[in-house]
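If you read the sequences in order, they're chains A and B.
In terms of my numbering, the first sequence opens at residue 19 and continues consecutively.
In terms of my numbering, the second sequence opens at residue 423 and continues consecutively.
Keep in mind the hints are simulated off the structure, nothing from the lab.
Misleading hints may appear alongside valid ones.
What the hints assert, rightly or not - Calculated pairs, SDA-like style, for lysine to any residue (alpha carbon to alpha carbon, straight line, at most 20 Å):
{"hint": "1", "chain 1": "B", "residue 1": "K437", "chain 2": "A", "residue 2": "Q28"}
{"hint": "2", "chain 1": "B", "residue 1": "K683", "chain 2": "B", "residue 2": "R583"}
{"hint": "3", "chain 1": "B", "residue 1": "K437", "chain 2": "A", "residue 2": "D76"}
{"hint": "4", "chain 1": "B", "residue 1": "K487", "chain 2": "A", "residue 2": "M144"}
{"hint": "5", "chain 1": "A", "residue 1": "K142", "chain 2": "B", "residue 2": "T459"}
{"hint": "6", "chain 1": "B", "residue 1": "K745", "chain 2": "B", "residue 2": "R680"}
{"hint": "7", "chain 1": "A", "residue 1": "K25", "chain 2": "B", "residue 2": "K498"}
{"hint": "8", "chain 1": "A", "residue 1": "K360", "chain 2": "A", "residue 2": "H319"}
{"hint": "9", "chain 1": "A", "residue 1": "K339", "chain 2": "A", "residue 2": "D178"}
{"hint": "10", "chain 1": "A", "residue 1": "K74", "chain 2": "A", "residue 2": "R122"}
{"hint": "11", "chain 1": "A", "residue 1": "K398", "chain 2": "A", "residue 2": "I363"}
{"hint": "12", "chain 1": "B", "residue 1": "K745", "chain 2": "B", "residue 2": "L708"}
{"hint": "13", "chain 1": "B", "residue 1": "K499", "chain 2": "A", "residue 2": "T149"}
{"hint": "14", "chain 1": "A", "residue 1": "K25", "chain 2": "B", "residue 2": "L547"}
{"hint": "15", "chain 1": "B", "residue 1": "K714", "chain 2": "B", "residue 2": "E739"}
{"hint": "16", "chain 1": "B", "residue 1": "K498", "chain 2": "A", "residue 2": "D407"}
{"hint": "17", "chain 1": "B", "residue 1": "K437", "chain 2": "A", "residue 2": "K360"}
Chain residues, written in single-letter form:
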Amino acid sequence: SVQPPEKPLQAEEWNRLRESFRSPEIFEEVMFNSMVRCNSPIDVAKSLLTHVAKSKGDIAYNLLVKYLALCVQQGQTSEIRDMYDIMKIRFRIFDSGAYNLLIRGLSNSDQWRMALTLLEEVKKVMIPSRTNYESCIKAASRHQEMNLAFELYHEMLAKDLVPTLDVLQAFFDFSRGMKGAELQKELFGILLYLRENQIYPHKTFMRSIKLWFESIPGGNWRGHLTNIKDSGQCPVCNHQLEDSNLTEEEYNNLRERIIRDVIHGTDTFRKTSPQEFEAFQTFVENRLPFDIVIDGLNVSHIKPRKMQCENLFDAVNCLAKENARLLVLGRKHMLINSSNWKRGIMKEMQNKADFFFAENISEDDAFLLYATLRSGKHCKFVTRDFLRDHKACLADSLTRHLFRKWQRGHQIVFSPSVEGKHINFLPAFCYDCVVQTTGDTWHIPYKDTFEEKYSYRVPRRWLCIQQK
Amino acid sequence: SCNPSEKLDLDAWKKVMRSGVQDEVSETVSERKELSTLAAAREVLEMWRLAGRSVPENISEEQLKTFMECPSKSAKKKYLKYLHLKELHKKNNKRKMDEKRQRRLETEEQASKTDETKRNSFIRLWASCMDRTYGWRAAQSMIFGQPLVFDMSYEKDMSVREVANTVRQIVLSEGCNRRSVDPFHIHFCNLKGDSLYHKEFIKHYREAWGKLLITVTDQCYTDVFPKDKLIYLTADSPKVMKTFDHDKIYIVGSMVDRSIKTGVSLARAKRLGLETAALPLEKYLLWNTGAKNLTLDQMMHILLSLKDTGDWKTALEFVPKRKYCGFISKP
Chain A
19 SVQPPEKPLQ
29 AEEWNRLRES
39 FRSPEIFEEV
49 MFNSMVRCNS
59 PIDVAKSLLT
69 HVAKSKGDIA
79 YNLLVKYLAL
89 CVQQGQTSEI
99 RDMYDIMKIR
109 FRIFDSGAYN
119 LLIRGLSNSD
129 QWRMALTLLE
139 EVKKVMIPSR
149 TNYESCIKAA
159 SRHQEMNLAF
169 ELYHEMLAKD
179 LVPTLDVLQA
189 FFDFSRGMKG
199 AELQKELFGI
209 LLYLRENQIY
219 PHKTFMRSIK
229 LWFESIPGGN
239 WRGHLTNIKD
249 SGQCPVCNHQ
259 LEDSNLTEEE
269 YNNLRERIIR
279 DVIHGTDTFR
289 KTSPQEFEAF
299 QTFVENRLPF
309 DIVIDGLNVS
319 HIKPRKMQCE
329 NLFDAVNCLA
339 KENARLLVLG
349 RKHMLINSSN
359 WKRGIMKEMQ
369 NKADFFFAEN
379 ISEDDAFLLY
389 ATLRSGKHCK
399 FVTRDFLRDH
409 KACLADSLTR
419 HLFRKWQRGH
429 QIVFSPSVEG
439 KHINFLPAFC
449 YDCVVQTTGD
459 TWHIPYKDTF
469 EEKYSYRVPR
479 RWLCIQQK
Chain B
423 SCNPSEKLDL
433 DAWKKVMRSG
443 VQDEVSETVS
453 ERKELSTLAA
463 AREVLEMWRL
473 AGRSVPENIS
483 EEQLKTFMEC
493 PSKSAKKKYL
503 KYLHLKELHK
513 KNNKRKMDEK
523 RQRRLETEEQ
533 ASKTDETKRN
543 SFIRLWASCM
553 DRTYGWRAAQ
563 SMIFGQPLVF
573 DMSYEKDMSV
583 REVANTVRQI
593 VLSEGCNRRS
603 VDPFHIHFCN
613 LKGDSLYHKE
623 FIKHYREAWG
633 KLLITVTDQC
643 YTDVFPKDKL
653 IYLTADSPKV
663 MKTFDHDKIY
673 IVGSMVDRSI
683 KTGVSLARAK
693 RLGLETAALP
703 LEKYLLWNTG
713 AKNLTLDQMM
723 HILLSLKDTG
733 DWKTALEFVP
743 KRKYCGFISK
753 P
């Protein structure tokens, strides 16, 4: 690549540079790219444009867009306006890149209303991107036009665009200290949007929410950061959080979907076979209900140094307290006496729990889900698997959310400190980890860091907000 | 160092851009009617092209419709890139052909100058001669050859492009089978007359489709062959193939699987209660990257080579080199 000059150049100087470049036909393009990268003064870019215009009589569209990018990068509002006028003379419509730049550039200036006009223009030829909306919404809320901002927000939701956390945060930031029941309703609406979609705000977003609540004139809201007890009680306000149970309707719905989409899917033979599944169904029906269903093979790998059947044995012993009815799912190969699977230990375990052995090529996860859901709401399951591939089999996002909620409340996982001698399990959450409200309290789980590394990991920290 | 007389007018380009076109534009604006959606899409594409994105220069009405039916922005982008690359390849091929023709003309010209007559005991008829030999062998295979089945029942598991890719791979397979010393007797089973597969085959073979020395049937292989002789080849099979059996009939699923759909062909074999097998890739190769499912023509090469030599090492040379690091010395 080339280093852009520091000062505007004369035509001859540009010519010289161009000829010394190894592929002169793309010289201008490469030069503009590196100007954008080095954030060169726009006068330098202008002198190149002048040179191009004079020698060719025209400037190619992509060069104009690159120049525009440079102007937007430096916030040269008047230049951006000029560019819009010039490009409009030559072209009826632009590509999405140019629209993005124009909207972004103008929304950050005092000419932000122009950005709204451009957004209307974009709508005529394509669906605007979510960043287009984001720029406009931020511009509107920055200028305290909250009604307009919310109008745009609802419009983008209606177009199935997913708002960034950034834009949601902006609503809280710019509404701080503002009055109005309508506005409050809208912001509560955003919190409910987080609830519906099981989104957890990050720390800075959480702070914006807290500050907004506390700034509502006459609202008397107070926010505290806290950790919820295992019992599901908030230590600050003593409020008991929603439990993780699904409603009867939700539960039945989820069960039917799992059987239809996950187990049968497009072809029952892919995960099992109809005969085997029927045999399993009969097996389960005859022994219902179970309290805990265990993925035997998965559990048998907890400690790699130990024999697999010993791991399973420990787990079964650990879970077989208080007369809990256990079902262990395994594969047929576990019944063959081998170095990892001792017949004696297998026999002993079968006195403490029911066992079902699937074909070696069947997927036992599907059986795990079926047996648990069939046993009823109280039944939990044990596996280290995150079941993401099963969640992905579900057709719509609503069912996927139900699945996640159910999973949070019913999956027993191993406690992270498995170095010890005994196997320990973390109980499933008895409360639901999701944004929730009772009207005069709000409880909002939040992530410590901005980056979300594991979408399945549930945050432990909460914001408790209550009205005095 | 600039003296005032040649001071730069940095906004001179704006004047150039604004001049000359003004009245022309006002004309077109007044003339313009409401654009049809297709024309509007064409216009958007033109702007993308001007912006330097991967967009084909020419796009047919049909392609434009496909483009508009793409469900998402990224699908649109991908489709355009695909068309763009296709166009580039076409252009490059045309250029190469032209150059070749040019060279041939030049050499012919030189040859005519030297005016040297060559003597040769054979008449130059290589291509058709070879075709006849291949045809003879294929005809032999249809009577005495070992059957090899392509299972054409995956159409609903694939996108239109995947079906096209599948057929292309089968055409290649058929070609290499025909040229081999001892060809298989190829069966296309479950091939329905109105299927997409069929349409694509006609596209590739045209009139030759009716003259191919293979067996095409809409019946299932289980109706054509005894069940205990069939072995379904699938990468998902828990059983690994040890040797090539000359008395068995191997089935290959005619499916290209770009989106990951594990276990589809295994499910089919399970449903019909057939024996399955996978190639012993792990046993002979130090696997590097990529899925264990191979293309249909690679399968054909491997099976032909196994049939001729019975040697796994020679056969597995046809696995793409990028997928493995080397052969395991003592399998």
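Outcome of the hint check:
A C-alpha spacing of about 18 Å is found between K437(B) and Q28(A), which places the hinted pair at or below 20 Å, so the restraint holds. Taking the CA atoms of K683(B) and R583(B), the gap is about 16 Å. The hint holds against a cut of 20 Å. Distance check on the hinted pair: K437(B) and D76(A) sit about 11 Å apart at the alpha-carbon level, within 20 Å; holds. As the CA atoms of K487(B) and M144(A) are separated by approximately 15 Å, the hinted pair is consistent with the 20 Å bound.
A C-alpha spacing of about 11 Å is found between K142(A) and T459(B), which places the hinted pair at or below 20 Å, so the restraint holds. Proximity of K745(B) to R680(B) is assessed by CA-CA distance (about 17 Å); at most 20 Å being required, the pair is judged to hold. Among the hinted pairs, K25(A) with K498(B) is inconsistent with the structure: their alpha-carbon atoms are about 42 Å apart, more than 20 Å. Using a Cα cut-off of 20 Å, the hinted pair K360(A) and H319(A) holds, with the two alpha carbons roughly 15 Å apart.
Distance restraint check for K339(A) and D178(A): the Cα-Cα separation of roughly 49 Å exceeds the 20 Å cut-off, and the hinted pair is therefore not satisfied. Between K74(A) and R122(A), the direct Cα distance comes to roughly 30 Å. Violation of the 20 Å bound is thereby established for this hinted pair. Between K398(A) and I363(A) the CA atoms are separated by roughly 24 Å; this puts the pair beyond 20 Å, and the hint is violated. With a C-alpha separation of about 9 Å, the suggested pairing of K745(B) with L708(B) holds against the 20 Å cut-off.
Simply put, K499(B) and T149(A) have alpha-carbon atoms about 18 Å apart, close enough for the 20 Å limit, and the pair holds. Straight-line distance between C-alpha atoms of K25(A) and L547(B) comes to about 70 Å, which puts the hinted pair past the 20 Å bound. Using a Cα cut-off of 20 Å, the hinted pair K714(B) and E739(B) holds, with the two alpha carbons roughly 14 Å apart. For the hint linking K498(B) to D407(A), the alpha-carbon distance of about 26 Å lies beyond 20 Å, and the restraint is violated.
Our distance criterion of 20 Å between C-alpha atoms is broken by K437(B) and K360(A), whose separation comes to about 89 Å.
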